[in-house]
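Protein chains: 2
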Amino acid sequence: MSGPEVIPMPEEVPAGRTGKGEQTRALILETALELFRERGYEDTTMRAIAERAGVALGSTYYYFRSKEALIQSFYGRTHQEHLAAVGGVLADERTFRARLLGVMRAKLETIEPYHRFSGILFKTAADPESPLNPFSQESRPVREEATELFAEVVRGSEGLRVPPDLMAELPGLLWTWHMGIVLFWIHDRSPGRARTWRLMERTVELVARLVQLAGNPLLAPLRKLTLRLVRELRDDEAAPAGEADESGEVGGTRT
Amino acid sequence: MSGPEVIPMPEEVPAGRTGKGEQTRALILETALELFRERGYEDTTMRAIAERAGVALGSTYYYFRSKEALIQSFYGRTHQEHLAAVGGVLADERTFRARLLGVMRAKLETIEPYHRFSGILFKTAADPESPLNPFSQESRPVREEATELFAEVVRGSEGLRVPPDLMAELPGLLWTWHMGIVLFWIHDRSPGRARTWRLMERTVELVARLVQLAGNPLLAPLRKLTLRLVRELRDDEAAPAGEADESGEVGGTRT
DNA sequence: GTCTATAACCGGATAGAC
DNA sequence: GTCTATCCGGTTATAGAC
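Going down the list, the sequences are from chains A and B.
To convert a position in the first sequence, counted from 1, into this note's numbering, add 3.
To convert a position in the second sequence, counted from 1, into this note's numbering, add 3.
No wet-lab data here; the hints were simulated from the structure.
We put the beta carbon where it would ideally sit given N, CA and C, even for glycine.
A hint or two may mislead.
Some chain B residues near chain A, calculated using beta-carbon distances under 10 Å [to be verified]: (1) L60; (2) T150; (3) A197; (4) R201; (5) R205; (6) N219.
Taking lysine to any residue and the SDA-like style, the derived pairs with C-alpha atoms no more than 25 Å apart in a straight line are [stated by the list, open to error]: (7) B:K227 <-> A:S69; (8) A:K70 <-> B:K70; (9) A:K227 <-> B:L36; (10) A:K70 <-> B:H190; (11) A:K70 <-> B:I123; (12) B:K227 <-> A:A223; (13) B:K227 <-> A:L222; (14) A:K70 <-> B:M49; (15) B:K227 <-> A:M49; (16) B:K227 <-> A:H181; (17) B:K227 <-> A:I184; (18) A:K227 <-> B:E208; (19) B:K70 <-> A:E71; (20) A:K227 <-> B:W200; (21) B:K227 <-> A:A72; (22) A:K227 <-> B:R201; (23) A:K227 <-> B:L202; (24) B:K70 <-> A:A223; (25) A:K70 <-> A:R100; (26) B:K227 <-> A:L228; (27) A:K227 <-> B:A211; (28) B:K227 <-> A:R100; (29) A:K227 <-> B:V165; (30) B:K70 <-> A:A72; (31) A:K70 <-> B:Y44; (32) B:K227 <-> A:R212; (33) B:K227 <-> A:V165; (34) B:K227 <-> A:L163; (35) B:K227 <-> A:L221; (36) B:K70 <-> A:E132; (37) B:K227 <-> A:R119; (38) A:K70 <-> B:A72; (39) B:K70 <-> A:S121; (40) B:K70 <-> A:T179.
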């Protein structure tokens with residue numbers, strides 16, 4: 004199993020496979036998403052997907068390891084879509100605030116059509132065992148890719164003055180913040196997701212100001228303290244301290 | 004986590020019921036928790052629970068609406084345990100920092116034995132549809148109860164100087180912060196949950212300092228901005244503006 | 001070797017007799 | 001309030017078709 008959001012199209016087209024299989028695969032996925040949209044995830048049975056797609060139940064399992072895997076696949080799309088949507092902003096905008104805002108707007112717009120699944124999505128994504136979980140080992144590639152996006156936001160920001168220690172951590176911090184926004188979005192029932200938009204726009208402002216203030220001597224102790232914590236947490240994530248789970252995967256037999 | 008922890012003991016003892024049913028109910032719950040601890044949630048079947056408890060499968064469903072409901076029940080316990088564990092700290096400690104630290108220590112200690120379930124716990128708790136979800140309507144009572152605990156932390160803190168606008172929001176903000184710690188804990192695989200403890204202790208320090216600094220004029224604009232956001236979000240949570248979820252269009256059309 | 005189809009299996013949930 | 005008999009749907013095994 005590769006990462007959750009999966010790389011562009013790695014194993015989906017293992018070799019020069021012409022087509023029939025690919026088409027069937029796509030057909031099943033489309034049908035599934037269609038049904039998910041129509042009646043939600045729980046009320047869509049694998050049998051129903053197979054039936055409407057005009058294939059046998061077994062076939063759906065040939066192409067997708069599980070029902071959950073169908074979700075993973077569509078997950079990958081939104082990531083690609085987001086990257087695509089963000090290009091213009093990063094090319095045009097030159098201030099940190101505007102770049103950050105643009106990226107997050109694109110994010111919310113990209114994921115909006117899928118709000119209906121978001122429950123089940125996050126349900127599995129929140130499971131520490133699940134490869135979908137954004138903090139999981141399997142997610143590392145995507146996480147890094149996403150963090151890289153924020154790094155790009157920072158890099159292209161003209162006139163941004165940030166202490167080097169903060170600068171080093173900023174992309175990761177922004178990614179974390181952005182996950183918080185998404186978490187809020189998932190639970191947001193307001194029309195048009197108005198609350199999330201407000202939260203996002205206002206916190207962009209706050210983040211921008213905070214970053215500006217970060218150099219102020221008054222805040223230096225606080226900044227140092229915070230960054231030390233951030234580094235520590237990041238570091239012993241990399242080096243798991245205990246050797247107990249060399250399994251390298253879903254360990255967790257220790258109490 | 005205090006959110007989901009459901010109501011103290013509402014329907015579990017509907018009246019002064021002494022009898023047989025109560026015992027059976029308790030027996031099933033105990034057996035279930037035992038099995039969950041032994042082999043985890045997923046690998047424990049309802050049939051196995053029934054069998055070891057010496058009752059019929061149907062009986063378990065007589066007492067518990069679902070497998071998930073078994074979790075809800077035990078959830079309630081940790082909340083009670085936390086409240087019990089916290090009494091001493093609140094009585095003894097007089098500084099904000101020490102009180103907050105004590106409460107959070109008790110929290111982590113209380114929930115630790117259940118870390119093994121935490122995945123599944125959070126999985127359901129993260130589902131916006133689930134009543135277990137800490138942000139849900141159903142969770143409001145517990146949420147408020149838990150927030151009240153933080154209000155008590157603040158109230159009993161001697162020499163704490165906080166601007167009134169912040170003071171009003173502080174308990175809610177602390178609750179939110181505490182949920183973040185719990186979220187981290189759920190995903191924490193480090194031995195002894197070392198990373199969570201570090202995060203908790205360090206952020207207690209940060210929070211304490213931040214609260215101290217909040218009165219500083221330099222930070223006033225930031226504080227105002229933040230609190231306005233917090234109030235807005237809280238307010239239109241209370242008055243959901245629209246009543247339907249799927250009603251509106253995407254909010255992100257404003258440019 | 002790539003794909004499809006059928007027939008189970010397993011476990012959560014429900015119905016209804018006693 | 002407790003049981004047995006089912007249902008239902010995700011998942012798997014497997015036989016074969018292309």
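Cross-check of the supplied hints:
no.	hint	in the structure
1	L60	22 Å, violated
2	T150	17 Å, violated
3	A197	7 Å, holds
4	R201	6 Å, holds
5	R205	4 Å, holds
6	N219	7 Å, holds
7	B:K227 <-> A:S69	49 Å, violated
8	A:K70 <-> B:K70	21 Å, holds
9	A:K227 <-> B:L36	44 Å, violated
10	A:K70 <-> B:H190	24 Å, holds
11	A:K70 <-> B:I123	18 Å, holds
12	B:K227 <-> A:A223	21 Å, holds
13	B:K227 <-> A:L222	18 Å, holds
14	A:K70 <-> B:M49	22 Å, holds
15	B:K227 <-> A:M49	51 Å, violated
16	B:K227 <-> A:H181	22 Å, holds
17	B:K227 <-> A:I184	20 Å, holds
18	A:K227 <-> B:E208	12 Å, holds
19	B:K70 <-> A:E71	20 Å, holds
20	A:K227 <-> B:W200	19 Å, holds
21	B:K227 <-> A:A72	45 Å, violated
22	A:K227 <-> B:R201	16 Å, holds
23	A:K227 <-> B:L202	15 Å, holds
24	B:K70 <-> A:A223	51 Å, violated
25	A:K70 <-> A:R100	40 Å, violated
26	B:K227 <-> A:L228	24 Å, holds
27	A:K227 <-> B:A211	15 Å, holds
28	B:K227 <-> A:R100	19 Å, holds
29	A:K227 <-> B:V165	23 Å, holds
30	B:K70 <-> A:A72	24 Å, holds
31	A:K70 <-> B:Y44	20 Å, holds
32	B:K227 <-> A:R212	13 Å, holds
33	B:K227 <-> A:V165	23 Å, holds
34	B:K227 <-> A:L163	24 Å, holds
35	B:K227 <-> A:L221	19 Å, holds
36	B:K70 <-> A:E132	19 Å, holds
37	B:K227 <-> A:R119	34 Å, violated
38	A:K70 <-> B:A72	24 Å, holds
39	B:K70 <-> A:S121	23 Å, holds
40	B:K70 <-> A:T179	33 Å, violated
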